[in-house]
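**Q** For reference, the chains in residue letters:
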Amino acid sequence: MTTVRTPATREELAELLRAASAEGAPVAVAGAGTASRRGPATDPPERVISTLGLDRIIGHEPADLTVTVEAGCRLQTLQAALAERGQTWMQAPARPGATVGGVLSTAASGRRRLRYGPVRDSLLQVVLATGDGRIVSAGGKTVKGVAGYDIPRLVVGALGTLGVILEVTLKLWPVPPSSGWFTATGDVAALAELGEALRRDLHLPAAVLLEPGRLSAEIIGPPADLVPPPGMAAADAPPEPAWGAEVLVGVPPTRLPALAAALTALGRPFQAELGVGTCRVGVETAEDVAAVRAAALEQEGHAVVADAPPELRADPWGPPPPGVRLMERLRDAFDPAHVLNPGLFIGDAVRSAA
Amino acid sequence: MATIPMTAVDRFRAILGDDRVLQAPTERLLYGKDGSIAEGDCGLVLLCETTGEVSACLRAAAEEGLPVVPRGSGTGLAGGAIPLDGSVVLSVARMRRVISVDPLTPCAWVEPGVLNLDISTAVAHLGLHYAPDPSSQAACSIGGNVATNAGGPHCLASGVTSQHILGVEIVLPDGEVLTIGGPAPDPAGYDLRGFVVGGEGTLGVVTKVCVKLTRDPPAVTTLLVDFPSVASAGAAVRDIIAEGVIPAAMEMMDRVMVRAVEQFVNAGLPVDSAALLLVEVDGTPAQVAEQAAAVERICRDSGAASVRTARDEAERALFWKARKNAFGAVARIAPNYYLHDCVVPRTRLVEVLESIAAIGEKHGLVIMNVFHAGDGNLHPLIAFDRRDPVQVDRVLAAGTDIIEACVAVGGTLSGEHGIGLEKRDYMPLQFAPLDLDAQCRAREAFDPDGRLNPRKVLPAGAKCGELVLDAGSLPEGTWL
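Residue numbers (my numbering), protein chains in the order written: chain A, 195 to 548; chain B, 35 to 514.
Hint data in this document are derived by calculation from the structure and do not stem from the laboratory. Among these hints, one or two may not hold up.
[Unchecked claim] Label-pair ranges, simulated between beta-carbon atoms:
no.	chain 1	residue 1	chain 2	residue 2	range
1	A	Ala418	B	Ala339	25 to 35 angstroms
2	A	Ala213	B	Glu210	36 to 46 angstroms
3	B	Ser134	A	Thr379	43 to 53 angstroms
It should be emphasised that the depicted structure is a prediction, and the values quoted were computed from it without experimental measurement. For every residue, glycine included, the Cβ atom is placed at its ideal position computed from N, Cα and C.
Generate the whole structure from the sequences, applying the supplied hints.
**A** Take a look at the structure:
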């Protein structure tokens, strides 16, 4: 039977982990649950630790462009508070109900990544509870800092398998006073070419998104810069994809047009971030997952099942990346009893496949 | 010092040939130093030219149980490349090929010995550059930049090295070669690439680097602003950021530094200025016009005496020459300098600069400031003469005072130079024992035997429990 504990303090949370490690009892770490359909389709642990009890905004320093916030704070709550002072967590995705900790644990970057970089680049300091209940702080609160090993970067995207994020300090950006979306329609090959031309000719577009039949670009700048690029017209922002199941592909940016052509041939819906190399792909069956992964590998990339029902998650990661041995040792360093989110650690999948 | 056994020397000679294994006293003396004020003890120098050689040398060193210190150009300011107790120095300075350039991504694979500026030079004809620009960019190597997670004036808007490295090829201490990351983003598993950047040569030897390239901005404006006080310049910095303007770079120099630099570079700097601000904005012409106007207005509101805009590329280059030659100019004041690299919250800049001035007075030392004001990254520079032992003691004491003053307001030990040897023993000021223990464990995941660049970054006793693998007190004579 599942028991969910929602600690109100970080010490209480760490104590739960200490106990779990001592007993060797696996624990699922949960935020808002908006990105929980990932990893292999195994039975979830009975013990669940929720971060939703740790949801305070501890300090927003507008003059420093930083905020310190607890992991369970909802993205919409944080962004609303920052917006009051004209600032934003620029690299965050548009997933309002998600928690700050969930966004970081899944390395979910927003659509302005082409200009502002991945969400990983926004994390300055992290406080986490390791699998055996140590409360560890790494990084620093200042906007720049290289003291000590970059544990913050390691934690981003680790899916909670190195520790439970308790609190973070994030680097912020001013909300741009003006920005605009522009769009063009046509066949994918022509649109991909237009998109590459935009990346070359426009100075730092915020996003250039390629979908079947549509190219969309966001420009951030003063009103004088917000004119439609050749072949495009002003438009609303394209909607966020809402597929029943999604695979996240990463390929070298130069390979995205070829990937888009392959996905079009497969009849899969997709949204590709030109210049970044990421592509969200809608899938319906296990065969779709395999076909999309084959297309990604063909373009020297990878495909991860990011959000899907269990029947599509027989092999969520695909071929293992280099360095799994190092990842296993890092896992041992932070979660010696391997109690945190078993299954979500890629090394476990590699071991069970072997 | 420990001597390297002849059997080991012979193994290295078999890998590299006699002429790339250096043992002469002069050579060992040279490789015992870097850009810091520390002096080490180098037992043997290996000049590697390929990944295969690095791997074979590391495997041989592992089998012989020898500690190895990786080295790039040796310009580091924190002592990260200093060998201790007769360690082997493994130099990658001869690995200087630009392997491939992809103008569309845009990115490039380069070898670690390629100089930072040479990357930008190699891709300039494509309208591209490599963004991080340390003052030493004409001499420092990309491998060293990756090791220290180096910065530079233009990291204010674009971020430090780790944001510009897409992938690396790394040789682990046991000789295993791994390629982690690359142009395809977000591979499954942990971000090993991100962790390796800033590893200060303690995690492995980086043998190839995939650098992200940046398109040259269509327009640039550079302003030189003269302030009657450090406080008014600090207020301008604060207000520019608070207004939502993030310049490409925003640098400050105080009066002592301005005078030294002007004598050295003859850039026509206002030598009576109490503080000089160098602000660069880039982007589209419309963006640049808007931001430059905002910067000028805010500076005047903060009491700027004059605002000078670079008329052309030549004048812009002159302004930057003044800034980037600041450390060289110190030779006019004193033969040596001890440089710090703390970052403080931007809101505390002025108060910390006042504390630093007071620390200089207390110890009877000249402390000059030239720094990345936009992100609060201070570079207080203590000018001194190392031949005067009394002065040397005061320099070290003043350094400690400066670091303590910065950490006390929520600052960090290093913004871009790294911890190396110099800041190692200050780590407990910023990190609790459990924090240092976690860092030590993460390092051991890469280097279980603690043989790679030993005794750097983490202080003695960083490891909770009895085992101290890689830390310890420094040998006599390491300092100065």
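**Q** For every hint, state whether the structure bears it out.
**A** Hints, one by one, checked against the model:
no.	hint	verdict
1	Ala418(A) <-> Ala339(B): 25 to 35 angstroms	32 angstroms, holds
2	Ala213(A) <-> Glu210(B): 36 to 46 angstroms	37 angstroms, holds
3	Ser134(B) <-> Thr379(A): 43 to 53 angstroms	35 angstroms, violated
The structure shown violates just one earlier hint, number 3.
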